[in-house]
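> We have chain A; now place chain B onto it with these hints.
Chains as they are written, first to last, in the numbering used here: chain A, 97 to 254; chain B, 97 to 254.
What the hints contain is simulated information worked out from the structure, not anything from laboratory work.
Just so it is clear, CB atoms sit at the ideal spot from N, CA and C, and this is done for glycine as well.
Listed below are the simulated DSSO-like cross-link pairs for lysine-lysine, each with C-alpha atoms no more than 27 Å apart in a straight line: (1) LYS190/A - LYS191/B; (2) LYS215/B - LYS146/B; (3) LYS190/B - LYS191/A; (4) LYS190/A - LYS190/B; (5) LYS190/A - LYS193/B; (6) LYS147/B - LYS215/B; (7) LYS190/B - LYS188/A.
Counterexamples of contact, computed for chain A against chain B with all Cβ distances above 10 Å: (8) ASN100; (9) SER110; (10) ASP142; (11) ALA151; (12) PHE162; (13) ILE165; (14) ASN166; (15) SER181; (16) CYS208; (17) GLU213; (18) LEU214; (19) LYS215.
Protein chains: 2
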Amino acid sequence: MGRNRTVGIGMDYSPMSKSAVRWAIDNLVEEGDRIVLIHVQSSKSDHPQKKLWEATGSPLIPLEEFKEINLSKLYGINPDPEVLSLLDTASKTKKVKVVSKIYWGDPREKLCNAVDELKLDSLVVGSRGLGAIKRVLLGSVSNYVVTNASCPVTVVKG
Amino acid sequence: MGRNRTVGIGMDYSPMSKSAVRWAIDNLVEEGDRIVLIHVQSSKSDHPQKKLWEATGSPLIPLEEFKEINLSKLYGINPDPEVLSLLDTASKTKKVKVVSKIYWGDPREKLCNAVDELKLDSLVVGSRGLGAIKRVLLGSVSNYVVTNASCPVTVVKG
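Just chain A, same shape as in the assembly (with noise of 0.2 Å):
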């Protein structure tokens, strides 16, 4: 035990990305490891931070922050209380460190680069797997950091 190893988790507070959180904390992290708490923004949205960051990822901000400044203004971010809940938890019981780093751009690829930017040990992100036309937009943001992303994923479904 106590390896270090970072685990990110992509997170857009969708039911799936929720079921991803409670997988890691209940099935991979321990004591010692790192969550990064990863947010991939749309391009278009406009938000004062994203000017100052948009080229590389906003800075890790760690949970306690995450849970204090005004991220719907700054980035556009709604956190859903039950997700702050799952990681607060899990920093205190599980002693695993929570950082969370917003992006902007597709998906698909910001998923990708933050495997390598933060030297990911794991990736754990929720399968859209909801409805024929969801499915064919945005189930492929799984199937393409599976390909893509040069460590391993898991895929959650909710």
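Relative to chain A, chain B alone:
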């Protein structure tokens, strides 16, 4: 600890599927869990046990038996000593139970069926991203199970 999960691993003795075993042992399984090593043989293969078990898949074969019986003759499988050694060590040091099962048919369908039949909590498969032709022909196995299997699926690279 002690959640008694069942973790399936797709196994064809390719480098990628060996990486899948390594990842599962190093990152996912813990004391009390059960590993099911899942083999899917071609429906064209012609071995004595196939006639008996083609419809349902073979019975679950404990690791000890799997190491000893003439698998090549009975099932057309040539287990890799490296994989057997990894599993042997895991069964001793992590106290996980290791069993094996053989199916005949389309790996995509059989792996998804196995998730339901064996009530898998997780499925781990190798990615076959080597070379464009292989990817087109075989990469779809991991993409298919990611999309269709009813449990979380982890895809591991070599």
